[in-house]
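Could you build all of it, start to finish, from the sequences and the hints given here?
2 protein chains.
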Amino acid sequence: MTTTMKATSRVNGVDMTQVKETVAALKRDPSLARFQFRASNRWITGTRNSTRIADFHGVGRDIEHPRPFQTEADEPPVVFGNDSAPNPVEHLLTALASCVTTGIACHAASRGIRIESIESTLEGDIDVRGFLGLSDEVERGFQQIRMAIRVKSDAPPEVLAELANYSPVLNTITRSTPVEVTVEEA
Amino acid sequence: MTTTMKATSRVNGVDMTQVKETVAALKRDPSLARFQFRASNRWITGTRNSTRIADFHGVGRDIEHPRPFQTEADEPPVVFGNDSAPNPVEHLLTALASCVTTGIACHAASRGIRIESIESTLEGDIDVRGFLGLSDEVERGFQQIRMAIRVKSDAPPEVLAELANYSPVLNTITRSTPVEVTVEEA
Numbered sequence: 065m066t067t068t069m070k071a072t073s074r075v076n077g078v079d080m081t082q083v084k085e086t087v088a089a090l091k092r093d094p095s096l097a098r099f100q101f102r103a104s105n106r107w108i109t110g111t112r113n114s115t116r117i118a119d120f121h122g123v124g125r126d127i128e129h130p131r132p133f134q135t136e137a138d139e140p141p142v143v144f145g146n147d148s149a150p151n152p153v154e155h156l157l158t159a160l161a162s163c164v165t166t167g168i169a170c171h172a173a174s175r176g177i178r179i180e181s182i183e184s185t186l187e188g189d190i191d192v193r194g195f196l197g198l199s200d201e202v203e204r205g206f207q208q209i210r211m212a213i214r215v216k217s218d219a220p221p222e223v224l225a226e227l228a229n230y231s232p233v234l235n236t237i238t239r240s241t242p243v244e245v246t247v248e249e250a
Numbered sequence: 065m066t067t068t069m070k071a072t073s074r075v076n077g078v079d080m081t082q083v084k085e086t087v088a089a090l091k092r093d094p095s096l097a098r099f100q101f102r103a104s105n106r107w108i109t110g111t112r113n114s115t116r117i118a119d120f121h122g123v124g125r126d127i128e129h130p131r132p133f134q135t136e137a138d139e140p141p142v143v144f145g146n147d148s149a150p151n152p153v154e155h156l157l158t159a160l161a162s163c164v165t166t167g168i169a170c171h172a173a174s175r176g177i178r179i180e181s182i183e184s185t186l187e188g189d190i191d192v193r194g195f196l197g198l199s200d201e202v203e204r205g206f207q208q209i210r211m212a213i214r215v216k217s218d219a220p221p222e223v224l225a226e227l228a229n230y231s232p233v234l235n236t237i238t239r240s241t242p243v244e245v246t247v248e249e250a
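If you're matching them up, the sequences are chains A and B in order. So that you can map any letter, position 180 of the first sequence is 244 in our numbering, and since no number is skipped, the others follow by simple counting. So that you can map any letter, position 12 of the second sequence is 76 in our numbering, and since no number is skipped, the others follow by simple counting.
Please keep in mind that the hints were generated in silico from the structure rather than gathered at the bench. By construction, the Cβ of each residue, glycine as well, lies at the ideal position given by its N, Cα and C atoms. Not one of these hints is a red herring.
One-sided excerpt, in silico: chain B residues whose CB lies under 10 Å from chain A:
hint: 1; residue: 101
hint: 2; residue: 111
hint: 3; residue: 147
hint: 4; residue: 158
hint: 5; residue: 182
hint: 6; residue: 185
hint: 7; residue: 205
hint: 8; residue: 246
Here are the computed lysine to aspartate or glutamate pairs in the DMTMM-like style, where the Cα-Cα straight-line distance is at most 25 Å:
hint: 9; chain 1: B; residue 1: 216; chain 2: B; residue 2: 187
hint: 10; chain 1: B; residue 1: 91; chain 2: B; residue 2: 79
hint: 11; chain 1: B; residue 1: 84; chain 2: A; residue 2: 203
hint: 12; chain 1: A; residue 1: 91; chain 2: A; residue 2: 226
hint: 13; chain 1: A; residue 1: 91; chain 2: B; residue 2: 189
hint: 14; chain 1: B; residue 1: 91; chain 2: A; residue 2: 203
hint: 15; chain 1: B; residue 1: 216; chain 2: B; residue 2: 180
hint: 16; chain 1: A; residue 1: 91; chain 2: B; residue 2: 200
hint: 17; chain 1: B; residue 1: 91; chain 2: A; residue 2: 200
A short, non-exhaustive set of chain B residues, derived as facing chain A with CB atoms under 8 Å:
hint: 18; residue: 86
hint: 19; residue: 122
hint: 20; residue: 196
hint: 21; residue: 236
Listed below in structure tokens is the structure:
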């Protein structure tokens, strides 16, 4: 399906020639693997704000996206917003879903596993008494997240489940990643 | 600035009458505070996939967003994509930025602290040898995330920094949140 375009080594839509070249470059010079992703956010009002993603650092240099990406956030009315955009924890589920899916597609490609389809549904449980400051015994974040994935491919599900573990977002959430927040006067 | 629209109790664009009513309801019946957020994702090809957010559960019932939100993810060319959308770890930064910002605006409102502006920049360090499976000693996720916030308000920065800690996404990332991933054949 994804190999008909060119007589290149595309598997699952991933250019394996490029993957091999990148991997070889990072093995020669591991400092090229140090990436930094960046975002800036501006509060609009209430529960509305906007995040801009314009560039990142990787393979030894600053790289601009072809255009800046702008993503809005809001809350539904029951959480005091106008429901004009996904809320922050929904954006977190988006990050997790997209990361695990990309991880499976890419790592399957590098093992020669053909993927025909990947679909998933996610649920995250949260007790909003934590966020609202109504209880110190309730976690403020998700208590648990579940991601149920259905894949059509020529490999068994248990092999694909292993590949999900390469996901950086999955690792960031499950590992207790340090976040340094500083506030100063504008 | 945000109080001129109506003679209601809006602070920082947050309707404090509604906040008080919701808080009272959750205190009467804590089961109403059990929310579940949901997403579904569909792989397109390579590093491209699309996440749909249509509904959630909260205050004791399933609630639909006025329209489903659709969010795309891709990777830049150096990570084997076409740069058509933010990548998953950039979506994670968006989730964190929007959540901390909303948390500050809402909790400031409930304390009567007027906010004029909130802006932030975020950086997340990641060594892509982890994601690529080139090293078992390198973390697959972010090694560290930094969020630098600049606020114009009538409260000192150290008070606002406390409010950032209510953020569910911040808590989810820093706490080591359980994520259950299952894979089955489609």
